[in-house]
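**Q** Chain by chain, the residues:
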Amino acid sequence: MNRGTIRSYFIGDAQADRVVPPSGFTARLTLFAAGAMAFLAVFALALSLAAGRLADRWASELARSATLRITAPADQMAAQTEVALTILRQTPGVARARALSPQEQAGLLAPWFGPGLDLATLPVPQLIEVTEDETGYDAAGLRLRLAAEVPGAVLDDHTRWRRPLVEAATSLRRIGWISIALIGGTMAAMISLAAHAALAANAQVIEVLRLVGARDVYIASAFVRRFTIRALIGAVLGTGLGMGGVLLLPAASDEGGFLTGLGFQGLGWLWPLLIPILGALVAFAATWAAARSRLKELT
Amino acid sequence: MIELDNVGYSYGGGALLSNVSVTLAPGSFHFLTGPSGAGKTTLLKLCYGALEPTSGRVKAFESDMRGFDRDQMAMLRRRIGVVHQDCRFLDHLPVADNIALPLVVSGRDMLREAENLRELIAWVGLSERADALPPELSGGERQRAALARAVILSPDVILADEPTGNVDWEMSMRLLQLLVELNRMGKTVLIASHDLGLIRAAKSQVQARVLRISNRRLQLAGADL
Ligand SMILES: Nc1ncnc2c1ncn2[C@@H]1O[C@H](COP(=O)(O)OP(=O)(O)OP(=O)(O)O)[C@@H](O)[C@H]1O
Ligand SMILES: [Mg+2]
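Sequence lines, in order, name chains A and B. Numbering-wise, the first sequence is residues 1 to 299 according to this note's numbering. Numbering-wise, the second sequence is residues 1 to 225 according to this note's numbering.
No lab work stands behind these hints: they were computed from the structure. Note that beta-carbon positions come from the ideal geometry of N, C-alpha and C, so glycine has one too. Incorrect hints may appear among the rest.
Here are a few chain A residues that sit away from chain B, every Cβ distance over 12 Å (derived from the structure) [said to hold, decoys possible]:
hint, residue
1, PHE43
2, GLU132
3, ILE175
4, GLN265
On the chain A side, residues computed to face chain B include the following (Cβ under 8 Å) [claimed, not checked]:
hint, residue
5, VAL19
6, GLN204
7, VAL208
8, LEU209
9, LEU211
10, ALA214
11, ARG215
12, ASP216
13, TYR218
Based on the sequences and whatever the hints tell you, model everything.
**A** Here's what the structure looks like:
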């Protein structure tokens, strides 16, 4: 197959297209299958990308930050905080340690207690935000040292509750990609069946073409071109509808959490545009394989 | 052009043909006769590669057909024009397009061939019916269309299986005339036919040899015909 023949598939020649009779139901079948699969692929893609973003974000936060919580009587609070900060700054692997200001702490609590909260009236623990560097620190060693010198300190590295979430997001992303692969495979199977049906329905046409000296490439390309173009049109429609559907989903917000983050962001909108191209490629390969195997059976 | 060397063929049961050796020399004119079911169509199919011999060798244009891949076989079909006994067409295309089909599939420039095509269609008397679909044709019209399709690429060899089976005497003389003229231009012609009248008529115009299949063998019929 040289470049000339590949080009001729798409530019086509009107004569070659006419030698195969127009086929009603396989055409509609292919159009529908490609459209439906592209529609589903858009959502699977949106799911994968959103889950991917979530997993990345959680994973990086998980790896990067921890919280040190100091509970102490009000008069010792400042001293213990100072000791803890000193220890943290001496610990290898800690890039930054910063005590949250009362305003920041109030901001964290606002969702529960409402705005206008005066922290001074409550026995609120002091929070220290710990940021790791690339190498990371020895959490167990740090805990031991803190226990000895700052009795009221609890190191929370978030691992316990975030790890399962990251794992969930990661497997969600994996499921999304597997779905896309399955959708592609299903589309290939359906187009294969439609192509086989079309080839079988046109057995006499193929025989006559062979008898008058048509090469396999010529016969196959008449079918391949049709199915590829139909699949492309179907996939463009399906992708368009799917993207419209994603567009109608509520925008990402903190309140909605994961569900509202389902969609494409920025350049991510370019990803679904690959779906029609992939769909056409799948149709091309499936029809080509079907035609090849069918033609081999003839003399 | 086409050479059968000790060819045998069987469809699975007993041998239908055996020890068939014949050479179709360039420019020769042959008839092939024999009772119905003797294997005339089978022999023609062996000649254009639709069937592979169960024994022996078939050579076309100096090369053994067994070594041909599918593309080479397609090229061979362009050099051998075949009129099939059961003329098959593309039923969704008009007669003129069917006749032009070999030009189309071999990528010829249709504009340049348009005049040829029109002449050929006139020759086989189908000008009026050129826009009809094949299922709308009479048996004789189908055979004329099949002959036109077989010769449009101006092949070196023309194999015709009962080309005059369904046409009246006048039309069969016209078809024979066309084949004789092609032969005079140097084409090799092989016609399978029962029609002794046709064979006699041909013998008065060209030097035709008559091959007969009997008892699974191919024999050269004498001058008694
Ligand atoms: N595909 C096939 N499978 C099995 N047997 C076949 C097949 N084609 C033909 N035959 C048998 O082989 C024999 C020869 O057939 P063929 O068509 O070559 O005869 P023919 O000489 O052309 O006859 P006719 O003059 O009636 O056209 C016949 O008995 C036929 O039934
Ligand atoms: Mg026959």
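**Q** Compare the structure with each hint and give your call.
**A** Going down the list of hints, with the structure as the test:
1. For A:PHE43, the non-interface assignment is confirmed: its Cβ lies about 40 Å from the closest Cβ of chain B, beyond the 12 Å cut-off.
2. With 12 Å as the threshold on Cβ separation, the claim that A:GLU132 sits away from chain B holds: the shortest Cβ distance comes to roughly 66 Å.
3. Residue placement check: A:ILE175 keeps its beta carbon more than 12 Å from all beta carbons of chain B (closest about 44 Å).
4. Residue placement check: A:GLN265 keeps its beta carbon more than 12 Å from all beta carbons of chain B (closest about 50 Å).
5. At its closest, the beta carbon of A:VAL19 sits 6 Å from a beta carbon of chain B; the interface hint therefore holds under the 8 Å criterion.
6. At a threshold of 8 Å, the smallest CB-CB gap from A:GLN204 to chain B is about 6 Å, leaving the interface hint in force.
7. Against a cut-off of 8 Å between C-beta atoms, the interface hint on A:VAL208 holds, since the closest Cβ of chain B lies about 5 Å away.
8. A cut of 8 Å between beta carbons decides the hint on A:LEU209: the least distance to chain B is about 6 Å, and the hint holds.
9. For the restraint placing A:LEU211 at the interface with chain B, the shortest Cβ-Cβ distance is roughly 6 Å, inside the 8 Å limit, so the hint holds.
10. With a least beta-carbon distance of about 4 Å to chain B, the hint placing A:ALA214 at the interface is held under the 8 Å criterion.
11. A distance limit of 8 Å between C-beta atoms decides the matter here; for A:ARG215 the minimum to chain B is near 4 Å, and the interface restraint holds.
12. Because the beta carbon of A:ASP216 sits about 5 Å from the nearest beta carbon in chain B, less than 8 Å, this interface hint is met.
13. The restraint placing A:TYR218 at the interface with chain B holds, with a minimum CB-CB distance near 6 Å, inside the 8 Å limit.
Hint violations for this structure: none, all hints satisfied.
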